[in-house]
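If you want the building blocks of each chain, they are given just below.
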Amino acid sequence: DAGVIQSPRHEVTEMGQEVTLRCKPISGHNSLFWYRQTMMRGLELLIYFNNNVPIDDSGMPEDRFSAKMPNASFSTLKIQPSEPRDSAVYFCASSVAPGTFYEQYFGPGTRLTVT
Amino acid sequence: DAKTTQPNSMESNEEEPVHLPCNHSTISGTDYIHWYRQLPSQGPEYVIHGLTSNVNNRMASLAIAEDRKSSTLILHRATLRDAAVYYCIRPSGNTPLVFGKGTRLSVIA
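These protein sequences, in sequence, are chains G and H. The first sequence begins at 1 in my numbering and counts up by one. The second sequence begins at 1 in my numbering and counts up by one.
Okay, chain G solo, but in the shape it has when bound:
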């Protein structure tokens, strides 16, 4: 398996523009997680899905952020409008299921820069 695939790997955009990050989980994994990493706040869980259904989005910072999982092999994280403080590395991860028993596998991340 190719592992978790994320695109784009790098994104530079201007403040106010819409940004869409994409993720393809490992085949057969039923849970998908979006994280954000900054120097100040470390790795933060934004939202996670189980069987394509959002389970917990309490980590989503504002209404400007939205995430979808239309099928088991694809998810998007959208920021509209983007702001400079959204600059971070965004990671997608997948797992057989959430919780204590199963390990998570992470993608390489998307480095977002908002100017």
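Heads up, some of the hints might be wrong.
Unchecked claim - Residues from chain G that keep clear of chain H, each with C-beta distances beyond 12 Å, as calculated: (1) Glu14; (2) Thr20; (3) Lys24; (4) Asn52; (5) Pro61; (6) Ser66; (7) Pro84; (8) Ser95; (9) Gln104; (10) Val114.
Claimed, not checked - Under 8 Å between C-beta atoms, here's a sample of chain H residues computed to sit facing chain G: (11) Thr30; (12) Asp31; (13) Tyr32; (14) Gln42; (15) Gly43; (16) Pro44; (17) Tyr46; (18) His49; (19) Gly93; (20) Asn94; (21) Pro96; (22) Leu97; (23) Val98.
Simulated from the structure, these hints should not be mistaken for laboratory data. If you're wondering where the values come from, they're calculated on a predicted model, not measured in any experiment. Note that beta-carbon positions come from the ideal geometry of N, C-alpha and C, so glycine has one too.
Following the hints, complete the assembly by docking chain H onto the known chain G.
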């Protein structure tokens, strides 16, 4: 709240064993202990996880205290490529991973 306590940083000489400690004094009987690491400019990488008994895999060993309130990740021979931030995590029930600050391991040639 990562619910674990780790030293901020540790240093090791190359080809020496490394013991990375973690305290999780409030762990419940069904919580697994997970270890992940993050190499520079990469995403976190699964290392190992266990419940009660010690666990070994090709990357590392996990030694879990008898009372399960602490654990130690053991890298048997540190290499320069093992320099990373190591995260000890104990997810509960169906909750996903919550990352703390981890331990930054430096390996000296």
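Now for the hints, and whether the structure bears them out:
{"no.": "1", "hint": "Glu14", "result": "24 Å, holds"}
{"no.": "2", "hint": "Thr20", "result": "19 Å, holds"}
{"no.": "3", "hint": "Lys24", "result": "14 Å, holds"}
{"no.": "4", "hint": "Asn52", "result": "16 Å, holds"}
{"no.": "5", "hint": "Pro61", "result": "16 Å, holds"}
{"no.": "6", "hint": "Ser66", "result": "19 Å, holds"}
{"no.": "7", "hint": "Pro84", "result": "21 Å, holds"}
{"no.": "8", "hint": "Ser95", "result": "8 Å, violated"}
{"no.": "9", "hint": "Gln104", "result": "6 Å, violated"}
{"no.": "10", "hint": "Val114", "result": "20 Å, holds"}
{"no.": "11", "hint": "Thr30", "result": "7 Å, holds"}
{"no.": "12", "hint": "Asp31", "result": "5 Å, holds"}
{"no.": "13", "hint": "Tyr32", "result": "4 Å, holds"}
{"no.": "14", "hint": "Gln42", "result": "7 Å, holds"}
{"no.": "15", "hint": "Gly43", "result": "4 Å, holds"}
{"no.": "16", "hint": "Pro44", "result": "5 Å, holds"}
{"no.": "17", "hint": "Tyr46", "result": "4 Å, holds"}
{"no.": "18", "hint": "His49", "result": "6 Å, holds"}
{"no.": "19", "hint": "Gly93", "result": "6 Å, holds"}
{"no.": "20", "hint": "Asn94", "result": "4 Å, holds"}
{"no.": "21", "hint": "Pro96", "result": "5 Å, holds"}
{"no.": "22", "hint": "Leu97", "result": "6 Å, holds"}
{"no.": "23", "hint": "Val98", "result": "6 Å, holds"}
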